[in-house]
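Chains as they are written, first to last, in the working numbering: chain U, 1 to 170; chain Z, 1 to 394.
Don't read these hints as lab results, they were simulated from the structure.
Beta carbons: idealized from backbone N, C-alpha and C, even for Gly.
Any given hint might turn out to be false.
Unchecked claim - Straight-line Cα separation of at most 20 Å, SDA-like style, residue types lysine to any residue; simulated pairs: (1) Lys131/U to Asn387/Z; (2) Lys131/U to Leu388/Z; (3) Lys156/Z to Lys131/U.
Stated by the list, open to error - Residues of chain U clear of chain Z, computed beta-carbon distances all greater than 10 Å: (4) Pro3; (5) Leu70; (6) Glu72; (7) Gly75.
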Amino acid sequence: MTPDPVVRLQSVIHTLEHVIVPAVDATNLLAVEQCGVTLAQLQMLLAHLPLIEDYHRSCADDIAETVLALPEAAGGARTLASAAGLSDIAGADTRSRGDRLFYHDVGRAVDALLRAVAADGDAGYRAEVEKNIFAFSRRQSLRSRAWFRDSGFDPDPASLPPVTDLIAPN
Amino acid sequence: MLQTEIKTPASAVRGRPDREAIEPRLLEMLVDKQERRKLGAYLPRSADDIANGLGALLEQAGIAADAHSVRRLGGGASKEQFVFDLDGAPAPEFARCVLRMDPREGIIETCRRREGQVLRAVAGSVPVPPVLCVDGEGRAMGQPLMVTGFVGGVVKPSGGSAGPSGLGATMGGRISEALTPQFIDYLIATHGVDVDVAGLEDFARPRPGTTDAALWQVNYWTKVREIEEIDSLPLLTLAETWLYDHLPVCAEPVLLHGDYRVGNFLFDEASLRITAMLDWELSHIGDFHEDLAYSFEPLFGSRGADGELLVGSMFPASRLLDDYQAKTGRIVDQATLHWYKVLTSYKLIGMNHASSILAARDGTNHQSALLGFLAACTSGLSDHLCNLLEGEFA
Numbered sequence: 001m002t003p004d005p006v007v008r009l010q011s012v013i014h015t016l017e018h019v020i021v022p023a024v025d026a027t028n029l030l031a032v033e034q035c036g037v038t039l040a041q042l043q044m045l046l047a048h049l050p051l052i053e054d055y056h057r058s059c060a061d062d063i064a065e066t067v068l069a070l071p072e073a074a075g076g077a078r079t080l081a082s083a084a085g086l087s088d089i090a091g092a093d094t095r096s097r098g099d100r101l102f103y104h105d106v107g108r109a110v111d112a113l114l115r116a117v118a119a120d121g122d123a124g125y126r127a128e129v130e131k132n133i134f135a136f137s138r139r140q141s142l143r144s145r146a147w148f149r150d151s152g153f154d155p156d157p158a159s160l161p162p163v164t165d166l167i168a169p170n
Numbered sequence: 001m002l003q004t005e006i007k008t009p010a011s012a013v014r015g016r017p018d019r020e021a022i023e024p025r026l027l028e029m030l031v032d033k034q035e036r037r038k039l040g041a042y043l044p045r046s047a048d049d050i051a052n053g054l055g056a057l058l059e060q061a062g063i064a065a066d067a068h069s070v071r072r073l074g075g076g077a078s079k080e081q082f083v084f085d086l087d088g089a090p091a092p093e094f095a096r097c098v099l100r101m102d103p104r105e106g107i108i109e110t111c112r113r114r115e116g117q118v119l120r121a122v123a124g125s126v127p128v129p130p131v132l133c134v135d136g137e138g139r140a141m142g143q144p145l146m147v148t149g150f151v152g153g154v155v156k157p158s159g160g161s162a163g164p165s166g167l168g169a170t171m172g173g174r175i176s177e178a179l180t181p182q183f184i185d186y187l188i189a190t191h192g193v194d195v196d197v198a199g200l201e202d203f204a205r206p207r208p209g210t211t212d213a214a215l216w217q218v219n220y221w222t223k224v225r226e227i228e229e230i231d232s233l234p235l236l237t238l239a240e241t242w243l244y245d246h247l248p249v250c251a252e253p254v255l256l257h258g259d260y261r262v263g264n265f266l267f268d269e270a271s272l273r274i275t276a277m278l279d280w281e282l283s284h285i286g287d288f289h290e291d292l293a294y295s296f297e298p299l300f301g302s303r304g305a306d307g308e309l310l311v312g313s314m315f316p317a318s319r320l321l322d323d324y325q326a327k328t329g330r331i332v333d334q335a336t337l338h339w340y341k342v343l344t345s346y347k348l349i350g351m352n353h354a355s356s357i358l359a360a361r362d363g364t365n366h367q368s369a370l371l372g373f374l375a376a377c378t379s380g381l382s383d384h385l386c387n388l389l390e391g392e393f394a
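The whole structure should be built from the sequences, with the hints applied where relevant.
This is the structure:
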């Protein structure tokens, strides 16, 4: 694919940085502020671009494995229905919309199960679901922090491993 | 206004916890926002747009004065802000004014009428900008707005750096030493405002000795997620069910600032006096633990050499607890404080993960690029929420 998306993005960043941003009226504070975050966002995208597929697949694999490892559902009708719906979504051959959308489809089904077990799940089953989803959330949080380390918002960026250590290459 | 005349969520009247119980004015705002969303993308207003609308606004407010020299103010992540001069101002403090106008959507949905009411309620107790007029319905310029007198000061030392919305600002030892007691005292003064005589017509009062204060907050932020969440984040739903399971009772509801942190006050660099506490748009009546917990959010501070959280990178968290309890006689309940820390994480993530991304995606804000960028702070906030909930699901 020529030109490579990385090259296209690099060229846009270069032009913004050296031609367009210097030409912005310094008294237009909204424009000046938006230029700063626009460049920062594009720089992050440039770093993410070669890794996006691996990142999304790793997130999707993790949430699917977490869900499929849950014990057999126990509780009232709402819990049983939510657990069945979640299994259907997280099962094989359901990634036709891509890893990113699959991840969020499963995530929304997890949301429904968490609310269901809080309403009518057996105590033991609820505890298992919450423990496993919390453990997943820990892993996802670390992946996400490493992914967005360059945003400057992380409370402890020095402690983060490179995101490539946390995602599996295809 | 008498307390009995103030609108109250139905569940509080019935005395039954109800997950639909939300302050009526806030629910109205969310409903209105769904309608506004149908209008599509939003274009930032120019200084000329504002200049052209000021005549109608002043006439509508019954103010015989001429506005000129309109220019945009920088900073802030939620409102369009402009400064202008006013010839023939009704009082000297309005010779220069600030106009805060809602974009179509933003990181938070708040009410200019409530903001105007709370600024008038705390004036005299806390330094705040004086209110000139409020157009809560957007009759003059198409969007709700508020005009206040301009107050001088800085949010960070000159030459210092800070991120969006004043995040990451560092004051340094001398400035921190001077500002810290003021910062704490003005929080205490806010909590001391008599909400029954303060003219807070659009604020509902949680009943003392009930879980109303906590319940209304979880309900509101859960409703925001329900309406605006594009992507999933199961951690938030874990937090949601935990919050509902552990609702604390609030003995004595007080007026809260709702966003009390560095970046939301101005100070004079020469005298080192706080000249104005700003951004009261999240103000509501609730549990004093909520403002304390918000101050303890790590995103708004840093760690000292001993690892203790420095509130606003200015002073140790323990000082706020000690001074607050000593000066108010209130006892901080650690379990309640913990609950409100979880709530703080829950709502901050909700703002950035749901509302911010939605507005950025749809171009309904004047600074879409900023909102899209700010959403990245969700990952650090999520890590802190995990820390707060560690052990709860073992």
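- Query: Between Lys131/U and Asn387/Z, does the CA-CA distance stay at or below 20 Å?
  - Reply: Since the Cα atoms of Lys131/U and Asn387/Z sit roughly 14 Å apart, the hinted pair holds (cutoff 20 Å).
Check your understanding: Taken at face value, is the distance from the CA of Leu388/Z to the CA of Lys131/U at most 20 Å?
Key -> It holds: about 14 Å lies between the C-alpha atoms, which stays within 20 Å.
Checking one constraint from the list: CA of Lys156/Z to CA of Lys131/U, max 20 Å. Satisfied?
Violated, at roughly 42 Å.
query: Is the nearest CB of chain Z more than 10 Å from the CB of Gly75/U?
result: Holds: least Cβ distance 14 Å, greater than 10 Å.
Should the label of Pro3/U as a non-interface residue stand, given a Cβ cut-off of 10 Å to chain Z?
holds (24 Å)
Note to self: Beyond 10 Å on every Cβ pair: is that true for Glu72/U relative to chain Z?
What the structure shows: holds (19 Å)
_Separation of Leu70/U from chain Z, once the least beta-carbon distance is taken, above 10 Å_ = holds (12 Å)
In summary, the structure is inconsistent with hint 3 from the numbered list given earlier, while agreeing with all the others.
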